[in-house]
Each structure stands twice: as C-alpha cells, then as structure tokens.
Amino acid sequence: MSAKVKEGAKPTSGAVKVTAKKHRWYLGGIASAMAAAFTHPLDLLKVGLVLRKLFERFAPSQVMATA
Numbered sequence: 011m012s013a014k015v016k017e018g019a020k021p022t023s024g025a026v027k028v029t030a031k032k033h034r035w036y037l038g039g040i041a042s043a044m045a046a047a048f049t050h051p052l053d054l055l056k057v058g059l060v061l062r063k064l065f066e067r068f069a070p071s072q073v074m075a076t077a
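Residue numbers (my numbering): 11 to 77.
Simulated from the structure, these hints should not be mistaken for lab results. The C-beta atom is built at its ideal place from N, Cα and C for all residues, glycine as well. Treat the hints with care, since some could be wrong.
Stated by the list, open to error - Simulated restraints, written as ranges between beta carbons of each label pair:
hint, residue 1, residue 2, range
1, LEU55, ALA25, 52 to 62 Å
2, ALA30, ARG62, 53 to 63 Å
3, LYS31, VAL60, 40 to 50 Å
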C-alpha cells in the first residue's frame, strides 16, 4: 500500500521550509521622497505665516505697503 498525502497537508517529517525574504530597499527611498514632497511646502507656508506676523508686529506700515 502506498500512502497518499492530501494537498495542503503538512509534511510529517518535521522539516521546516525556509524561504528567503526579498529586501525591498527602494521602499525607504520612496517613503522619504514622499515625506519631503508633502512636508517641505507646508513648512515653507508655516514659516512665511510666522514671519508675516512678526513683520506686522514690528513694522506694520512696511508690510501693508508691500501686501
């Protein structure tokens, strides 16, 4: 008699199948590029608004003339 093994059944020998993981090194670069693309314009906007408030506080006539 020959033993039949069902598909998807675990092997009875106790052997463990080891698969090599693929290292996706480019995902870190993509993530950092996306972060820079979204945060840099927001940071420029924030700095511009803060500087505008400072200029309005210390020299209101000059800021209003240029705006």
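Practice prompt. Could you check the hint for me, namely that LYS31 and VAL60 are 40 to 50 Å apart, CB to CB?
Written response: Cβ of LYS31 to Cβ of VAL60: about 45 Å, so the range 40 to 50 Å holds.
Item to complete: Please test the hint of 52 to 62 Å on the beta carbon pair from LEU55 and ALA25.
Response: For ALA25 against LEU55, whose Cβ atoms are near 59 Å apart, the range 52 to 62 Å holds.
Worksheet item: Given a hinted range of 53 to 63 Å, is it respected by the beta-carbon distance of ALA30 and ARG62?
Response: Taking Cβ atoms as reference, ALA30 and ARG62 lie about 55 Å apart, which means the hint holds.
No hint from the list above goes unmet by this structure.
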